[in-house]
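Chain A is fixed; fit chain B onto it per the hints.
Below are the chains, spelled out letter by letter.
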Amino acid sequence: MKVNAVAVGIFVAFVLLTLIITYWSKRYSVGTSGFYSAGGAITARQNGLAIAGDYLSAASFLGTIAVFFSVGIDGLLYAVGAVAGWPIAMFLVGERLRNLGRYTFSDALAYRLADKPMRILAAISTLCLCVCYLIAQMVGAGSLVQILFDIPYAYAVALVGSLMMVYVIFGGMLATTWIQVVKASLLMLTTFAMVLLVVHRFGLDLDAAISAQPDPIRFLKPGRLVSDPLSAISLGVAFALGPAGLPHVLMRFFTVKDGQSARRSLLYATTIIALFQLMVVVLGYAAAALLGPGPLPGGANMAAIHLAGALGGETLLGVTAAVTFATILAVVSGLTLAGASAVSHDLYSHVWRRGQAKETSEIRVSRVATLLLGGGVIGLAIIFQHENVGFLATLPLVIAASVNFPALVLAMHWRGLTTRGALAGGLTGLVLSVGLIIASKKVWVDILGHESSIFPYEYPTLFSLSASLIVSFFASITDRSQRGRGDRQRFLAQVARSERGPDNPPLTHG
Amino acid sequence: MRRTDVAVAQSEARLTQLLRQQRILAWLLSVFTFAMTTGFFALMGFGAPILSRVAFGRSITNANVVAVTIILLILASIAIFEHRAVRIDALLRNEARESR
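Keeping their order, the protein sequence lines are chains A and B. Counting from 35, one number per residue, gives the positions in the first sequence under my numbering. Counting from 133, one number per residue, gives the positions in the second sequence under my numbering.
Extracted from the complex, chain A is given alone in its bound form (with noise of 0.2 Å):
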């Protein structure tokens, strides 16, 4: 495939760029605060922006257009799906997680739960989720760079994983919410630029989509994407509870310089994440429109790179690569510094350490495990280049819904969990999520090759996350023991604390 040069020279612009912004983070990523949390000094506007950035991925991008291409109408369960979940993390979760942590989403489990065991299922929940969300990440990365630079598959994925391993080991988390916020405004400017061009050439006409279509009442029928409607409610359950479970988006609660900060990012991000949604469903119908119904190159998860060019040409095809590659290398980072901060925070700090490390060696172990991440990463993307890593992008999503969103959203708003119930909860959902994806067609049947799947529905949530809660319902419940009293003796401190914030305390607790 030709090179294509305007790709190629915003790709290095923006690399270069990020550099830049890892060298001046560098000085301001002091100790464990400037190294987790960007010592709490980013603005709610410009979290709230890193936030969507996080969440508005390649898949976000591509996928929706994706399906609106090759499925028609279906393409609106994720952009419905997409904006959903940021209101019920605004709601239960954001404000008391910034007034009860510090760094990570444990802080907050820990608050009133035994320290230890919290750590260990958040840490172990964390590091599944974001290396199955690395992984999916970095064979999308490498074969896009493969595609438009015209290198190898294995060195597009090294130049990558080098470049994310970069920005957090020398910017922590400052560098990674200054290149979302870089990448999330790019990706608004470039949706927004090809919406102009579409209402540019059709009006806000769209039948012009259908048009198009050689079998226009298939394209307008919903129910082609998921198969079963109990599928379809899991994926649902999914977008809705999942983000308030992510650790990566999570962590950016703390990066700002309070509670209503928190809230106020996820107001900002909810609204930009809606309006991006709404614009990628006029692209959805215009790729509909101007791609026609045959095969694309590359796939139908290039309809959007695809229409780019439709619309502008080589230039917006160019632009609107790099934008995508940009995309995925920001998300990429920060779900490798998630990763890091739940070996080096959680694990090793408290764990190991039972809080007694000091920030130094804290601050080396996270890059050591920056290192390792990175590394192994790398190693299994190359590995699983020809497989078919789609479930691995599905997995995060039912993790995030099944262990944490219950872990956290319990502990935050029902007195009666204990550390009991929490760890029994956390790992059925855990076990569940992982158990029900492997034995569902996409792996047992499309990856191992059996004849027919155990488990007979495509998306899990609705098991995992049911059987976690009702599970960590009567481990509590049933829990006499001291430390489940004493679980629940602290839970009216830990309401005053997560409303009120730390300066505010309650004249009486009642």
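It should be emphasised that the hints constitute simulated quantities derived from the structure, not laboratory data. Note that the structure is a prediction, hence the values are computed from the model and not measured. Take the hints with a grain of salt, since some may be wrong.
Examples of chain B residues toward chain A, derived with CB under 8 Å [to be verified]:
| # | residue |
| --- | --- |
| 1 | L151 |
| 2 | A174 |
| 3 | M176 |
| 4 | G177 |
| 5 | A195 |
| 6 | L207 |
| 7 | D221 |
Ranges of calculated distance between the beta carbons of each label pair, as one might list FRET restraints [said to hold, decoys possible]:
| # | chain 1 | residue 1 | chain 2 | residue 2 | range |
| --- | --- | --- | --- | --- | --- |
| 8 | A | P248 | B | I156 | 49 to 57 Å |
| 9 | A | V465 | B | R152 | 35 to 43 Å |
| 10 | A | A75 | B | A208 | 28 to 36 Å |
| 11 | A | E348 | B | A174 | 38 to 46 Å |
| 12 | B | L207 | A | G413 | 38 to 46 Å |
Don't be surprised by glycine CBs; every beta carbon is placed ideally from N, CA and C.
Then chain B, alone, in the frame of chain A:
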């Protein structure tokens, strides 16, 4: 000028009441958002015929209308929540100032 104990108690009572109302609002809006989303996904999964009925022109169906309505309702719900939260923020700031 320092407030009297009665004024402090009244302010604390008002804050406690607002926090309780906000907690209830948070759960109501969350359940509402969750129900809208999963309901929409269920209807799409069933391939409900009502969703494929054309609402405007030849390409805008009821599914589009419902999807955009859900997104707009979500934006409205976060605006309502934030509007009420700002009042609590102001009270908390006053409390913090007074206690210093």
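How the hints compare with the structure:
Nearest Cβ of chain A to the Cβ of B/L151: about 5 Å, under the 8 Å cut. The hint holds. At its closest, the beta carbon of B/A174 sits 5 Å from a beta carbon of chain A; the interface hint therefore holds under the 8 Å criterion. Annotation: interface hint on B/M176 holds; nearest CB of chain A at approximately 4 Å, less than 8 Å. Taken as an interface hint, B/G177 checks out: its beta carbon lies about 3 Å from the nearest beta carbon of chain A, inside 8 Å.
For B/A195, the shortest C-beta to C-beta distance to chain A is roughly 5 Å, which falls under 8 Å, so the interface hint holds. Given hint, B/L207 at the interface with chain A, holds; its Cβ is 6 Å from that chain's nearest Cβ, closer than 8 Å. Taken as an interface hint, B/D221 checks out: its beta carbon lies about 5 Å from the nearest beta carbon of chain A, inside 8 Å. For A/P248 paired with B/I156, a C-beta distance near 52 Å keeps the hint of 49 to 57 Å intact.
Hint check: A/V465 to B/R152, Cβ distance near 37 Å, so the stated range 35 to 43 Å holds. Checking the proposed 28 to 36 Å range against A/A75 and B/A208 shows it holds: the Cβ atoms sit about 32 Å from each other. Between A/E348 and B/A174 the C-beta distance comes to about 43 Å, which sits within the given range of 38 to 46 Å. About 43 Å separates the C-beta atoms of B/L207 and A/G413, a value consistent with the hinted range of 38 to 46 Å.
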